[in-house]
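Colleague: Chains as they are written, first to last, in our numbering: chain A, 1 to 251; chain B, 1 to 479; chain C, 1 to 238.
No lab work stands behind these hints: they were computed from the structure. Note that CB positions come from ideal geometry on N, CA and C, so glycine has one too. The hints are all genuine.
Estimated spans, in silico, between C-beta atoms of each pair:
1. 87(C) / 189(B): 26 to 36 Å
2. 16(C) / 51(B): 35 to 45 Å
3. 20(B) / 97(A): 38 to 48 Å
4. 16(C) / 366(B): 31 to 41 Å
5. 174(A) / 49(C): 35 to 45 Å
6. 442(B) / 229(A): 17 to 27 Å
7. 186(C) / 157(A): 48 to 58 Å
8. 174(A) / 442(B): 30 to 40 Å
9. 39(C) / 157(A): 31 to 41 Å
10. 448(B) / 99(A): 36 to 46 Å
11. 16(C) / 97(A): 29 to 39 Å
12. 37(C) / 97(A): 27 to 37 Å
13. 51(B) / 153(A): 15 to 25 Å
14. 48(B) / 100(A): 36 to 46 Å
These stretches of chain B come out as covered by chain C in the derived footprint (C-beta under 8 Å, 3 or more residues):
15. 23-31
16. 68-76
17. 85-93
18. 153-165
19. 220-233
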Amino acid sequence: MRVALFATCVNDAVYPSTAIATVKVLERLGVRVDFPAAQTCCGQPQYNTGYRRETEPLVHRMARAFEGYDHVVTPSGSCVAMVRDNYPRIGRKAYAEGRGSALTDVADSLVPRAYELTEFLVDVLGVTDVGAYFPHRVTYHPSCHGLRMLGLGERPRRLLEAVKGLDLVELPGAEECCGFGGTFAVKNADVSTAMGADKVRNSLSTGADVLCGADNSCLMHIGGMLRRQDAPQRALHIAEILASTEEEPLV
Amino acid sequence: MSGTYLGMPAFPEAAHEAVRNDTLRANLRHATHTIRDKRAVAVAELDDWTELREAGKQIKEHTLSRLDHYLVQLEESVTAAGGTVHWAADAEEANRIVADLVKATGEGDTEKREVVKVKSMATQEIGLNEALEAEGIAAYETDLAELIVQLGEDRPSHILVPAIHRNRGEIRDIFRSEMEKWGRAAPENLTDSPAELAEAARLHLREKFLRAEVGISGANFMVAETGTMVVVESEGNGRMCLTLPETLISVVGIEKIVPTWRDLEVFLQTLPRSSTAERMNPYTSMWTGTTDADGPKAFHLVLLDNGRTDTLADEVGRQALRCIRCSACLNVCPVYERAGGHAYGSVYPGPIGAILTPQLRGTASEIDASLPYASSLCGACYDVCPVAIDIPEVLVHLREKVAEQGGPGHRLEKAAIKAAGWVLDHPAVLAAGERVAAKTRRLHPKKLPGPGASQWTDSRDLPEMPAEPFRDWWKKNRT
Amino acid sequence: MTSPSTPRPTSSSTSSSRERILGRVRAALADAPTAPPAARDYLTSHTADDPTVILDLLHENLADYRALVHRTEERELPSLIADLLTKHGAGSVAVPPGLPASWLSGTAVEQRHDEGAPLTPYDLDATDAVITGCALAIAETGTIVLDGGPGQGRRALTLVPDVHICVVRAADQVVASVPLAMPRLDPARPLTWISGPSATSDIELDRVEGVHGPRTLHVVLVTETSAPGGRGGTAAGS
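Okay, chain A solo, but in the shape it has when bound (with noise of 0.2 Å):
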């Protein structure tokens, strides 16, 4: 089995220590995974902008880095619905203004191959006791990739309950979006900001110290927030905590 690890662009250059995290919970798990340098974004912020064209390199760059691997595993639930949501659509639009099928033979190639690392843990490990210990009140937010469109469902529960010393807590309004949305953060600040202050609160008001997703662009939103008014809460990627031994602790 050869596993590779699609990092992201936002973990690679602003949260290694999620990127790093995967690798030591794959390692400890048995698994060989390799970081194939010839990655670097899947495209999402552009796409999700209005600019399909401009996201097509990516789309062939990401075909490139990650051939020949089995699976690509991706600490991240948002890119992971980019590759299986959206690629297909770039290819068939391609395909639609008569640009021939590499790009959905790209998309052909690599949905199947792709897995957010909570889908991989439990769905092709077969591992919901990842051996990590992180004693902790934690409430778990999820995200709106992972939760409407891979349809994550209870896998990272199931994950966060065996982690030993967690003490997992209700999320109010769990479903609800954190108003990051990528450039919408920024096109539509006002709205966002006012999504993101009742996340906050529903947050705060579980008295969990930790507040963990599963994706990290949303906890950059959040966290930045939580930061700002000096909460005693910290955003945290699931990855880190399933990475915490008893060992190696994560504080």
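With chain A's structure known, arrange chains B and C on it following the hints.
Modeller: Coordinates of chains B and C only, in the frame set by chain A:
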């Protein structure tokens, strides 16, 4: 669409005020959360919801793919049943047809002409009330929420409940001060209890119903094979308008057709549950042409295009024409909940409005070009849509069109996207950039000036940059 | 009925718009294949095929939306109707053509028959109640459907008076679901589907009963013979 919306600012500016209006935020939050929870319960009652949703989608898809055929068939059926069919290419033509029909029914020119109206999105879309007023015809809205909007000289902010932005106290105040100017005054000592407010509307409108000569409606469905029109409602004002006047005029968008009588069995199960979260709405009226000694003697159907054929021509965007106007997407939308309906600058607010309005009106104006961006693409709208319109897909598709046409902000944005795209296609350059960002991290300010950056840092801290990018860690530790 | 023909629009202007709109539709669909007819994988009914279960469900759902539901046997019907009219203090009742005379044999309330010179809207507004039969009733949605047939009258009759008493024959007028109702209804007739009394959700999206239609809806479920174990008396709410 209605001239009322001309010159609306772009969505973000319009939303700026709404987000800061605490009363509005509280009204919307209360109403949308109430109905969203009830809808979930009503939908969960049906084991075959997924199949009903798929059937509804497919019926509409099939109909749209043969719309010319079904329109001709409908025309035949309605005509055979004693109705008269008119075709209106745009709002102006539809308004002209209706005004002429109303005038043709009048007994004397000096008499003040009036019509009673069933709540209808199509007639709002074309600004019929304003057009009739210009011709000396008074149009009375009879749906409770429409009445509240009309009396308050307000604009609708929700598809199902146009006065959703008003709470009971505000409604009482409007009734107290405005009803007497339009007819029977509000009862003395009117309180804000919903039951009393509904009673006040009953008394106020009854005299208008009893003397009405012309009723104007839309329709939820038109059945091509039988010529049957369907209006789904709750209060009975629809039945009044459809039954008591001598003349009935229905203005209906061409996309409202279903091919067969049997097709209604799908939508009569999905629409009420999606809309008011009821197993069935209190009243549904179905009529086919005219009936001897029962209801109007004359029935006119005005088939409205007004941008629908342009929408139909768009392979991705045409799915918006499947909409059955249930408003479930509004009730679950986090953006609608905060920005309110008025910010959308159209009679169609919320997620469906954000994809319908720019297609019906085009994207030339500032507000229309901003609508496809009025969404975080969270997908809650798609989840609840009873005809499975993939609203996020259409939003992104329309963003592409707006970005292509250029316009304010989009040229710079395109240049930036292109530059970023070049970097992202050159991993070595990207890595160098990441390293610079990491090395200079101590110098990064918490707040940034300039478009984009300040919109972020006004309300959120930037993340702290790491000591090194992941790719450098990998190189050091795993290769 | 499916072959295209040339109908007669009312004016030359709409006639040209007709051609314009149909032309635009055809142009818009030029490259689009015809989508297949819909798959109908949904259920015909969500309820067990048992008349007792179906009748109980109808009762429950009608009551849930604040209709006042009564069960009675055929021979008790006149006295029940008389009681209901008395309870409302009704002085007059609108009577549609074809209503069985026996239904009103127990009451002395003034009967206003909608025959010969039909009752005007103002007459109806001054009438306290109306009594009708129905075409059928749908259990899963708590709906009665009127089609203007004998004993039902024209639509205005059941709309303007404030009290509507509707009699449903349990033996042959109750179906389980909407899909089972459709083939039994004739779309050529004017149909009114009624699910509880008039209501609105227009104030804060909260449901309130009683706006323009009858604010009280009595539904009488009539059985021919004694039904063992059936619910009796009046039930409202749930």
